[in-house]
Every structure is written in C-alpha cells, then in structure tokens.
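Reassemble the complex: the two chains are provided individually, in unrelated frames, and hints are given to aid placement.
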Amino acid sequence: MKTKIFLILIVVCSSIYSQRIDFNLPQNIKLFADFLFCEKDYLRAIEEYGKYLEVIDNDTVKFKIALSYSLMNDQLNALQEFSSANNSSTFYEQSSIEILKSLYLLKYDSTFYVFGNDLINSKSQFSTNAQKLLNTSIFLTEKGLPDKNIFFKPFESEEKLFLEKFYDQKLNPPYKSETAAGIFSAIIPGSGKIYTEDYGDGITAFILSGLLTYLAYTNFEHNHPTRAWIFTALGAGFYAGNVYGSIASAQIFNAKVNFDFENGIRLFLEDKDYFSPTYDFCK
Amino acid sequence: MTSVNKTIVFFLLLAVMNLHPQTSLQQQFDSAIELYNQEKYFDAITEFKRLQFFDKENLYSFQLNLFIGKSYKAGSKFDEAIKYFTLAEMNAATEEDYFNSKILSARTNILRRTTKQSERILNELNDDSRFVSRITVIKYWQGWNYIFSDEWDKAYEIFSENILDTTLANLCKSVDEELYSVELAKYSSYLIPGSGQFYTGEYISGVLSFGWNILFGYLTISAFIEDRMFDGIIVGNFLWLRFYSGSIQNAEKFAVQKNLEISNKALKYLQFQFRGEKP
Numbered sequence: 001m002k003t004k005i006f007l008i009l010i011v012v013c014s015s016i017y018s019q020r021i022d023f024n025l026p027q028n029i030k031l032f033a034d035f036l037f038c039e040k041d042y043l044r045a046i047e048e049y050g051k052y053l054e055v056i057d058n059d060t061v062k063f064k065i066a067l068s069y070s071l072m073n074d075q076l077n078a079l080q081e082f083s084s085a086n087n088s089s090t091f092y093e094q095s096s097i098e099i100l101k102s103l104y105l106l107k108y109d110s111t112f113y114v115f116g117n118d119l120i121n122s123k124s125q126f127s128t129n130a131q132k133l134l135n136t137s138i139f140l141t142e143k144g145l146p147d148k149n150i151f152f153k154p155f156e157s158e159e160k161l162f163l164e165k166f167y168d169q170k171l172n173p174p175y176k177s178e179t180a181a182g183i184f185s186a187i188i189p190g191s192g193k194i195y196t197e198d199y200g201d202g203i204t205a206f207i208l209s210g211l212l213t214y215l216a217y218t219n220f221e222h223n224h225p226t227r228a229w230i231f232t233a234l235g236a237g238f239y240a241g242n243v244y245g246s247i248a249s250a251q252i253f254n255a256k257v258n259f260d261f262e263n264g265i266r267l268f269l270e271d272k273d274y275f276s277p278t279y280d281f282c283k
Numbered sequence: 284m285t286s287v288n289k290t291i292v293f294f295l296l297l298a299v300m301n302l303h304p305q306t307s308l309q310q311q312f313d314s315a316i317e318l319y320n321q322e323k324y325f326d327a328i329t330e331f332k333r334l335q336f337f338d339k340e341n342l343y344s345f346q347l348n349l350f351i352g353k354s355y356k357a358g359s360k361f362d363e364a365i366k367y368f369t370l371a372e373m374n375a376a377t378e379e380d381y382f383n384s385k386i387l388s389a390r391t392n393i394l395r396r397t398t399k400q401s402e403r404i405l406n407e408l409n410d411d412s413r414f415v416s417r418i419t420v421i422k423y424w425q426g427w428n429y430i431f432s433d434e435w436d437k438a439y440e441i442f443s444e445n446i447l448d449t450t451l452a453n454l455c456k457s458v459d460e461e462l463y464s465v466e467l468a469k470y471s472s473y474l475i476p477g478s479g480q481f482y483t484g485e486y487i488s489g490v491l492s493f494g495w496n497i498l499f500g501y502l503t504i505s506a507f508i509e510d511r512m513f514d515g516i517i518v519g520n521f522l523w524l525r526f527y528s529g530s531i532q533n534a535e536k537f538a539v540q541k542n543l544e545i546s547n548k549a550l551k552y553l554q555f556q557f558r559g560e561k562p
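Residue numbers (the numbering used here), protein chains in the order written: chain R, 1 to 283; chain U, 284 to 562.
Calculated directly from the structure, the hints in this document are not laboratory data.
The structure displayed is predicted, hence computed values, not measured ones.
Just so you know, not all the hints are guaranteed correct.
[Claimed, not checked] Not everything, but these chain U residues come out facing chain R in the computed CB check (under 7 Å): (1) T329; (2) R333; (3) F336; (4) F337; (5) D338; (6) T398; (7) I517.
For each residue, glycine too, the CB sits at the ideal point set by N, CA and C.
Excised from the complex, chain U in its bound form (with noise of 0.2 Å):
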C-alpha cells in the first residue's frame, strides 16, 4: 500500500470514526420524530430525552427542547412546554430558531392563559429590530392574546389593521358588538334600579328589584314626612339601601356573566370550526 493511499484509508477511519455516532444520534432523533409524528407524544418525549441524555456534545440541544416542548405543549402540559421552549430559546443558534422558539412560548402561555406573560414576550419581539420582517407573525399572536385576555375590541383593532384574518377580524368585530358594557348596567341601575337587569335581558330581577326599591323608598320618605326620623334612617339603611345597591351588583353580575356566554361561545368557535392557525 502506497504511503497516498494509506493516508486516504487514516482519513477515512477517522471519518467513519466520527459519523458512526452522529449517525446513531440521527437515527434516534429521526425516530422520535416519526413517533411525534405519528402524535404518540409520551413515547416521542420519552425517545426525545434519551437523545438528550446520550447527546453530550449538544448537537441537537435546540431541536430537542423545541420538539420537547411541543409534545408537552400538545399534551396540555402547559408548564412543562414553557420550561423545555425556554431552554430552547437559550440553546438556539440561529435568530430563526430563536424567533421560533420565543413564538412557541407566548402561544404556550396564551393557551395558559397566562396573558400578561405572552403580551411581554411579544412585546420584546415586536421591539427587536431583527424582527421587522416578522412583523406580522408577531401581530397575529397579539390578535389572538387580546382574544384570550377578552380584550375584542383591541383583537378586532390588529386584526383589521394589518388585514391579517378576515375571519378572524369579523369574529372578533360581533363578539365586541354582542357584548354588554357591564359599565352601562351597572350606572342605569344607579338612576333606575332594575334598569340594568332589563338591559341585560333578565326582566323578572328587573321587576322584583325595581318592585322593593318601589316600596321600601316609599317607607323611607314616608317616615321623615312624618318626623320619624330614626324610622326613615333604620329602614332606608337596612332595607331601601340593602336593595338599592344590590340591585346594582346584580346588574353588574349579571352582564359579567352573560360577556362570559358570549366569550365562551366564540372561543368554542375558534376551537371547533376555526381553520385557521391557533395557538
């Protein structure tokens, strides 16, 4: 053998040497793709994190966290996803990775519900200048936090604006126009009490409420008119004031609970019938 050739032959030992665990690591990560693939999540997790524990130079750290997180994410194990798409975010090489990751996790928290900490991802997303061209990715996760955080009316406003969903645009368009100001409920029924059950269609409440109010004020000025004061005062205390102010909790109760229908409903909507990407 030729001294050419058997440097050709080292070189390619040393080749084969080195490719023979990568390839390992490969065929293993491939598996555990195909079983997430497949959505056998648990399994995919479980093949992840054996990859994980055997990867000591950290090739596939970022793909591994992220698919993690997302098996996680698909289980509705909420908390843990958070955790693995945040260790991606700190293993990730590219600022595409890093985009990706970080977008992961505000859906992740979106789905939570916990919509102060996606708004503040976001937020730090929409900031950063390497993500101009992203721009409106980012809005469309805005779009859809404000609709978990029952903010319509600011949903419509970024869905509209950068015409990202019509769909989505006019959903969020009726669901605002269909809900009660629990404001209006709650000041109609200072200056009539019942007024606000009526405004939010529970008429009976309306009637018995307004009905007491009727009574009980009659007995309160019809007490001072008589110089019973202490009267007036006992019975507009305890009995006039009783059902003033509770005729207008219950109003405010009442269009609170009935935006929760309209809420509900709408995103039983997006969940369902929805084809669009959701969080």
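So here's chain R without its partners, still in its complex pose (with noise of 0.2 Å):
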C-alpha cells in the first residue's frame, strides 16, 4: 500500500514539475507577450497576445495590441483596433485620444476634425489632450487661426511660450516678394538676392556683372572684339542668370520659412507624444 502511495506521489509530482514551463499556458503566453512589449518587439508581441485573446479576452491586452501597431506606426491596424475597443471597455478613453493621434498621423482630416471636437464635448479625461491636438493641428492647415485666447486655452503655460511664436508666425509670415526679388535684381544686379537674405551670392552677383560689364565695354572701346563679345556674353549670363537666381533665391527663401514652421510644428507634437497619455505598462 505504502509503495502505491509512494509511486502515485511520484507521478504526481513529476507531472506537476513538468507543467512548470508549459509555454503554451495563456498566462505564460501573456509573461512572455509582456516581455516583447517592454523590449519593444512589437510584431512579436502582438502575435503572442494575439494567441491570449483565442483563449482568454482582456481588455489591457487588446489595448496593448492595438498600441504595439501605433507604436510601430502602423496606424491603419491600430485605428481598426482602438476602434473595437467599447464603452464598457477600461481603456475605452484611452483608445480615443489613440484613435484621435492615428485619425491625424494618417492624414484623415475631416474625419479627424469631427472625432476630435466629439472627444472634446465628451467630456472625457483626455478632452484637454484633444483640443490641444486639434489646435495644433491647425498651423499646419489652411485654416484660419481662432482667436490667441481661446486658442492658448488648453495649453500649459510652457507650451504656450513655445507656440505663440509659431501662432503670430502663421498670422504674418515672414515670405519674400518672388516679382520683388526679381525686380530688384533686374535694376541692381545682386540686390534681389541681398534682399532674401543671400548676401554672399548678392555681392559677389554686383561685382561681377560690374566687373564684366567694364571689360565688355572697355575691350569694345579698344577695338579687341573676341574679348569683348565673350565678356559680353558673359556679362549678359550673369545679368539674366542673377534676376533669375533672385526669383529663385526668394522661392527657397518661403519654402525655407514653411519648412522650419511646418518642422518646428512636427517636432513639438512628436515631442509631446500627440498629447497621448503615457502608460506605465512596463514598469
């Protein structure tokens, strides 16, 4: 009898032992998803929670999954994913401000506009965080801006210094008058260019359209005709090329202003996450 005890101890204990690491075990499965996510493998992490969710549904995964997908920007399945999430869900708020950061990383405008100011009267946690992505977002329109004190209103006082430079920058841009430029240059060779602020290439273009000017003219005056027409020719290059330059020069010198305000912008709400909240998942 003892040895029948004995044996099924044994069987028992070895069968336990050997159920310690059964890899296939959702929460095992889950242990090791957690683990891909905080070591940021994300395309792994979301077959594994992918495995949990046939067995086991949870909300905490389904978010993580549709946040691996976001944070791998692909935001497309992570819009489609956020979007399952109901209103019984526990990250149902969350998954809003996500779907509102994926509705603007994909570029959807309008359906952006409308989700966004749905957020805000919803009076959600992240109604703040919403707003401040929605007026953000609009340097980067054609839209007009709203008023500086009803625009500045959700922001922290930081973020506020940071953005009112680009807010009074949207009002009056600093661009460079093209027919200006080319005007100017047209009269004064190099003066277009001094104009949109290229004072290097401005000076050297007056002094050589001077210098090749005097040396057509004076080889003209002493009769040394080959000269005179290859400086002519080069003079008149250098004339058509400078008022062209101009043109060009005060083109680069606005697509250089909204690069660096459009930049600036894109910065800032990378910086800040999309005003996503932050999550301590891998604490």
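Given below as structure tokens:
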C-alpha cells in the first residue's frame, strides 16, 4: 500500500513539475508577450497577445495590441484595433485619444476634426489633450486661426510660450516677394539676392556683373572684339542668371520659412507624443 | 519497501523533477532550431526569445543569443544581429564559443559595411594568443573585410600569402589590376587637361575639356601679350582656371565612378556565383 502511495506521489510530482514550463499556457503566453512588448519587439508581441486572446478576453491585452501597432507606426491597424474598444472597456477613453492620434497621423483630416470635436464635447478625461492636438494641427492647415485667448486656453504656460511664436508667424509669415526680388536684381544686379538675405551671392553677383560689363565696354572701346563679345556674353549670362536666381532665391527662402515652420510644429507634436497619455505597462 | 529501495525511489523522484523542466526547455530549443533550419527566421527568433524568457537559469544563454543573432543576420537585420552576437560573446563558456561569436560579429559588421569595426574585432582575435591555431579563419575574414573596404590589393595579399582561397586571390588580383588609378587620372589632367578623361575612356569629355582649356588659355595669354593685364587676370581666373580645375575634378570623378562599377561587378559575382564561405 505504502509503495503504491509513493509511486502515485512520484507520478503526481513529476507531472506537476513538467507543467511548470508549459509555454502554451495562456498566462505564460501573456508573460512572454509582455516581455516582448517591453523589449519593443511589437510585431512578435502582437502575435503572442493574439494567441492569448484566442483563449481569454482581456481589455488590457486588446489595448496593448492596438498600442503596439501605433508604436510601430502602423496607424491603419492601430486605428482598427483602437476602434474595436467599446464603452465598457477599461481603456475606452485612452483608446479614443489614441484614435485621434492615429487619425491625425493618417491625415484623415475631416474625420480627425469631427472625432476630435466629439471627444472634446464628451468631457472625457482626455478632452484637453484632444483640444491641444486639434489646435496645434490647425497650424499645418490652411484654416484660419481662432482668437489667441481661445486658441491657447487648453495649453500649459510652457507650451503656450513655445507655440506663441508659431501663432504670430502663421498670422504674418515672413515671406519674400518673388516679383520684388526679380525687379530689384534687374535694376541693381545682386540686390534681389540681398533682399532674400542671400548676402554672399548678392555681393558676388553685383561685383561680377559690374566687372564683366566694364570689361566688355573697355574691350569694345579698344577694338578687341573677340574678348569684348566673350565678356558681353558672360556679362549678359550673369545678369540674366542673377535675375532668375533672385526669383529662385525668394522661392527657396519662402520654402525654407514653410519648412522650418512645419518642422517645428511636427517636432513639437512628436515631443509631446501627440498629447497621448503615458502608460506604465513596462514598469 | 526496504529503506534502500526507498532511497533509490527518492533519488529517482528528484531526478525526474529536475529533468522535466530541462526537458521542456530542450524541446523548445529543438523546435526553435528546426524553424531556424527551415529558414523560418521570424518564427525561429520568436521561439528562441520565448525560451530565453523562460530559461531563468540561463542554461541556453549562449546558444540562444547566437541563434537569435544568426536569424537576424539571415534576415539582414544587422544591427540586431550584432547586439545578440555581443550578448553571446558575453555568455560564452568556452574559448570556442567566444571565438565563434566574435567571428560572427565581424562577419555581420563586414556585411553592414562597418568595416572599421570588423577590422578592430579581427585584429583583436589576431593578437589573442588563445587563437593562434585559428589564424587562417581570422585571415580569411580579414581578406573579406578588405574586399568590402575596397582595398582589393590588400585582400589579394592576404588570400595569396596565406594560400586561403585561390579563387578569391585571383579575383582580387584581377579587380586590382582593372581598377583605375584615381591619382593618375587626376595628376595627368594637371599636365594635359582632358588626359585624365582619356585615361578613363571618356573621350568626348576629354576632347571638350582640352578644347576649352586651349581656347581660354590662348585668350588669357594673348591678353597679357597685348598688355591688357586686367583682361588677362579676369579671363584666366574666371574662365581658364575654372575649366582647368573642372577638368581635374572631372577626371577624378570619372576614375572613382569607374572603380565603383568595377568593384560592384566583382561584389555581384561574389554574391551570386562564388561558392565558398561568404560573410
């Protein structure tokens, strides 16, 4: 009898022990998926979370799948996954602000504004975040800006301080007129470039055009037609090139103004992670 | 049951208890290896990482990191591969393991074109007295490193001096002989503008370059002869010098470009037709 009990004990103990590392147990799959998520191996984390969800329904896991897509910048799948969260989900409100972020990054402008306004009016805990994202995004559209007091209402003082210069720049962009640059250079070679703040090129163009004109004139005067025509051709080329270059310089200046402006806003949004909440899944 | 029997059974129980988790880890390792052998690298990495997560006693540390690195390397994820080869190196229990992970790291660096990094790794192994018997392996990869650094002459020296691989030695020699001398192209253009272009086979460019230099050279000199110094300086500076220096730069650019084409052709051959061991 004792021997039988002992043998049964062996079998039980060994089977318990062998189950200690069952890789396919849902809790083990989830543990591994969490590890992958925190290792930023999101693609594999999604796969493992998917396996877990086949057995156990879990809001956090669903949210982490959506978040993984978002962190991989696969916003289309992120949007689908975040949208599947219903009212009863623990992460419903977080999903809503993440949907807004995905809509913004996907450039679904009309849906973005409709959804954003709905989120603001819903009085969710992330209404202010939505308002901030909506307001900042206006900088990158052709839309007119609202009044300063209304615009900056949701922002913290530090954010407000940073965005104020963009607000002023959006109202009065420091563009240079292409026509004016061309006319200036046609009258005084190089002055168009100086107007577009391309000082080095402007001074060089002024000196070279003057020099070549003088050389052409003096060679004609002293009856050296070959050199005179070469200098005339060079001078004319420089002159025409300078007028054209001044117009191009104004275009480049304006493009740079736009680029710096848009880049500044994009970097600000990236830095703020599009006003998404921070999560402590990997503490 | 006698006390002796009981003791045997007790030890058996202990052995079974200890063996079981190890068996499941081994099974997991085997299945990951199977995926790796089937070239299913993404799934192989997942299973190796799963094992890594559950291998609390770090029984498989070295092998896991090595195989994860190899899988990433096979998938051309060189940055990740190097990270795992470094981890393998840190977990190496034997000199052989350490050497293998170092070599894999160097090979990945060669493919990543971070050849300075692979040179450093290979030089370290070369200077390590523990690996004197493995010197041919080290030299072989040093040769490859020179190939990827575009130093075909040095690669030829290594492959031929150590009689490592005659095919590679011959290829490196032929590429080295075929390469244009950038210096010759450049400095010949200093003497006769356009000659560097002729040397690299760009005849039209060479003729044009020569013609422009003759024309503006003549105009410059004639201006000086006619005592129109200012004209001479301006034509010489803005026209002759511009075409003269342009011709030199152009010849240098052609030589570099042609050399790149020759190197790429050789690398393409190595990638698709060479049957020996490659990085």
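Hint check:
1. T329: Status holds, d = 5 Å.
2. R333: Given a least distance of 5 Å, the restraint on R333 (chain U) holds.
3. F336: holds (5 Å)
4. F337: holds (5 Å)
5. D338: With a minimum Cβ separation of about 9 Å from chain R (threshold 7 Å), the hint on D338 (chain U) is violated.
6. T398: violated (28 Å)
7. I517: holds (6 Å)
The structure shown violates the earlier hints numbered 5, 6.
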